[in-house]
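First to last, the protein sequences are chains A and B. Residue numbers for the first sequence follow the numbering used here, beginning at 1 and rising by one. Residue numbers for the second sequence follow the numbering used here, beginning at 1001 and rising by one.
A couple of the hints might just be wrong.
Per the computed footprint, the stretches of chain B lying under chain A, defined by three or more beta-carbons under 8 Å from a beta-carbon of chain A, are [stated by the list, open to error]:
1) 1034–1041
2) 1295–1304
Derived Cβ-Cβ restraints for the label pairs, each shown as a range [claimed, not checked]:
3) A:Phe533 - B:Leu1300: 45 to 51 Å
4) B:Leu1300 - A:Gly128: 50 to 56 Å
5) A:Arg394 - B:His1055: 46 to 52 Å
6) B:Leu1097 - A:Arg390: 34 to 40 Å
7) B:Arg1068 - A:Ala386: 31 to 37 Å
If you are wondering where the hints come from, they were derived from the structure by calculation, not from laboratory data. Beta carbons are placed, not taken as given, at the ideal position from N, Cα and C, and that holds for glycine.
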Amino acid sequence: MRNYSAIVARCRILFRLFLGFSALFCQPAFAHAQQSSSNEELLVLPGEIGRSGGRLVVSLRGEPKTLNPLIAADARSREVIGVMQADLVHINRATQLTEPALAKSWKISPDGLTYTLVLRKGLKFSDGQPMDADDVLFSYHVYLDENTHAPQRDLLIVGGKPIVVRKVDARTVVFQMAKPYGAGERLFDGLAILPRHLLEQPFQEGKLAQIGSLSAAANQWAGLGPFRLREYVAGQRLVLERNPYYWKSDSAGNRLPYLDELVFLFVPNADAQVLKFESSETDMISQLGAENFSVLSRQQNGYTVADAGPGLEYNFLFFNLNDLGEKASADLQRKQKWFREVKFRQAVSAAADREAIVRLVYQGRGAAIWGLVTPGNKRWGDANLAHPARSLDRARALLKEAGFSWTTGPNGESTLQDSGGKPVEFSILTSSSNADRAKMAAILQDDLQQLGMRVQVVPLEFRSLLDRVTQTKEYDACVMGIASYDADPNSDINVWLSGGGTHLWNPSQTHPATPWEAEIDRLIEDQMSARTFDQRKKLYDRAQEILADYQPVIFLASPDILAGAKNSVGNFHPAVLEPYVLWNVEQLYLKNGRENAAR
Amino acid sequence: MSRRRKAGNWLLVLGVLHGIVICAGFFAPYNPVEQDRKNPYLPPMRLHFMDSRKHLHLRPFVYPFQLRTGTFDQYVEDTAHPRSLKFLIAGDRYRMLGFLPARLHLFGTDSERVYLLGTDAFGRDQLSRILFGGQVSLLAGLLGAGFTLLIGWCIGAVAGYFGGWRDDVLMRVAELFLALPWLYLLFAIRAFLPLTVNPLQAFFLIVAVIAAVGWARSARLVRGIVLGAKERDFVRAARGFGASNLYLLRRHILPETSSVLLTQAAILIPQYVLAEMTLSFLGLGVPEPVPSWGNLLSNLQQYSVLVSYWWMYLPALIMVPFFLGYLGLASALQERPGAYKMERRSLGSLA
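Kindly produce the complete structure, drawing on both the sequences and the hints.
Shown next, in the form of structure tokens:
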């Protein structure tokens, strides 16, 4: 049985450790404190007390497609929605643990099947309308409705059956599951509570997907997040204003958020974002590349840059292991024979110079990885996972065992050939817009050249790359990266399961193609319903070990999360989980009002 | 005579420059694709003759760089361990002119490597890459210009000499090509071609693409000269004596076009080198790790490289003497009296 106050206590300790707060911490615990003056139960956040007012400008990689969380699939939309909506239980991006949000407390029944959540008193949407259990019921009803096609629906099918939501009273909701859910209350993170008073009618008319567009959302939508929409200028910016009904306060009793306005500028290019930040057009920058980070840290005028440590992004190489039958060209079939050979993949992994990738691509601001769980994930890494150093000798021995041999060409270069005497040649796709991955591919190309493999790097526009990998499946190998949105294994479920869409080497299988994929499927499904962390961890470790043995994916490196903010921005503490700098947006404040007014 | 000497001087300059690029294996100290992963973005090492104690050395030497602690791309000179340069030293294997196996290099060091123009993101020697990159870019320019002139010459001769509907058809097609924006045409053509091509295929694709796009202008020039030449008295006389079309073209008409072709070549080659660089700069040229001047410059697309590593601009500077040489040659050729007259006449017939 999960003891909620123990979690809070742990939250607090980790919070302190991570953020390095000092004296300001002798405040009451944030979950239990209440404001006595009203009938509202505000969530009191610890930490530095800021000053109210001002406008913070950040850049966004492009225009968000929608503000409707039911149809948002792109990262930019999710980033904006993240500051406009709120969930029942929230994962603290710094501690990676859950903490109360709209629900002030929750209880899990001993069999792990029933979750009872109690909502805060006096919650209001950003349009001033009260929020209660009916809104929660409505929201989950919408998420689970098949006609809505919400991407969140899959999360709410536990043990093959949709979660059943019941109302006990105006502030108590019960969630009933068919099977225990391993990640527990993390399930509720990111599931925004929708305003029933605004959406019930469009939902019944089946028009829910049409509302929430950027130009119309201001009067069609209300949220529970710290900000609400003020203005949208197509192609330029999105201006959000403070939600006066927000349900959090600082330890001095000031209602959050501090900022009056939050502006997203649409800046599609990473270099342009750096220039805007340098010229003070934006106040914060995140997702910095290592090279731009060192440019900024060398100049450092009026701003601070911070390295939050390794994130959850993993970059990897994978081969085309799809069973294409007769559709595959003879050429690809011949190559797939090598790719299906475990020792071939192990040899490629042994030859990959991960240290060089970290040094040359990330300038040392990253970590070499041998599995999907990055060092940024504090709880789920498998300590027993081997981290073999690069060894060309081992790679050569493995290739020899698999029946490969070498011939010496006229120029003295050796060429690897398969048992049929054909030279080993293949191409690696990379995204042309990602300089980091292109560099990784160039390093791998050189590494594999030393084994006698002739590798070509083909940069492709990202969408056509994705099309080749998931639709037409006409490729040899590909370098890609995925950033998990949460530290819990369940966020990578589609990578692990053989039926998953991001099981990239052979996606969306109806039956597991290999015995070890079947074994991973079983382990991952078991850990999903295991009750304790230790049980889950054991199963998950085993899955990680199998993946490392069979190397369908050759994991390479994970970059640090690098961010920067002007010195005038208070409470700037980048986290390794998305949203990296805006996770504590309600606590961000501007230290100096004057400089801000001038802009 | 001085004009001829001028052209000769420019030819000599170009000859020396091309000689260096052709013999890149000898002048470059290292293999251009070899990565020295411990030394990314190393600044150029300066040649010294005087050491820190003011002693003069006959043999030039360099001070190696060491990473400043706590940084990943900041280097300081290590004056305690000078590295002296050796000349005519055996090093990496290469093939002189593409076939003669050789190991001799103009300079090098015994143990540690020396980078006179710095290194790139993978620790590859920038000097070697510029020299070997020149082979790709210049050859693409030369071959592209050669093909263009050949196509233009044939089409121009046919259109000008035979006239009539052939002239109309060919010249309308030429106008179509002239009106097309060449860069976008290059993009379009490149987009149709297969993605996975090895460097050699990619190279010939570029040459073919460049040549196919640029023939129209030279075809029109040649046509103009042929039009004028076929009406001249000695051509009419020869025809009167019963000379065949082929004989007339070969003996009397096409030689008239030679000086225009030469001038055109001198103008087209640098233009086509630039076209190759544009394609490679945009990632449509020869693939990594093979160097070409465009590939080398494409590093500058990153803001961080642009503001941090000035030696990455050097490939842009290296074009200057080459382009100057070609344009000097072109203007020297144009100044020749025969060429001048020819030019005026051809212009007249064009108008």
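Here is how each hint holds up against the structure:
1. For the region 1034–1041 of chain B, the assignment as covered by chain A holds, since 3 residues bring a beta-carbon within under 8 Å of that chain's beta-carbons and 3 suffice.
2. A count of 3 residues in the region 1295–1304 of chain B with a Cβ less than 8 Å from any Cβ of chain A is obtained; the coverage claim is therefore met, three being the minimum.
3. Taking the beta carbon of each, Phe533 of chain A and Leu1300 of chain B are about 50 Å apart, inside 45 to 51 Å as hinted.
4. Take Leu1300 of chain B and Gly128 of chain A: their Cβ atoms lie about 54 Å apart, and the range 50 to 56 Å holds.
5. Taking 46 to 52 Å as the suggested C-beta distance range, the pair Arg394 of chain A and His1055 of chain B conforms, at roughly 49 Å.
6. Our hint of 34 to 40 Å for Leu1097 of chain B and Arg390 of chain A holds, since their Cβ atoms are close to 37 Å apart.
7. Evaluation of the 31 to 37 Å hint for Arg1068 of chain B and Ala386 of chain A yields a pass: the beta carbon distance comes to about 34 Å.
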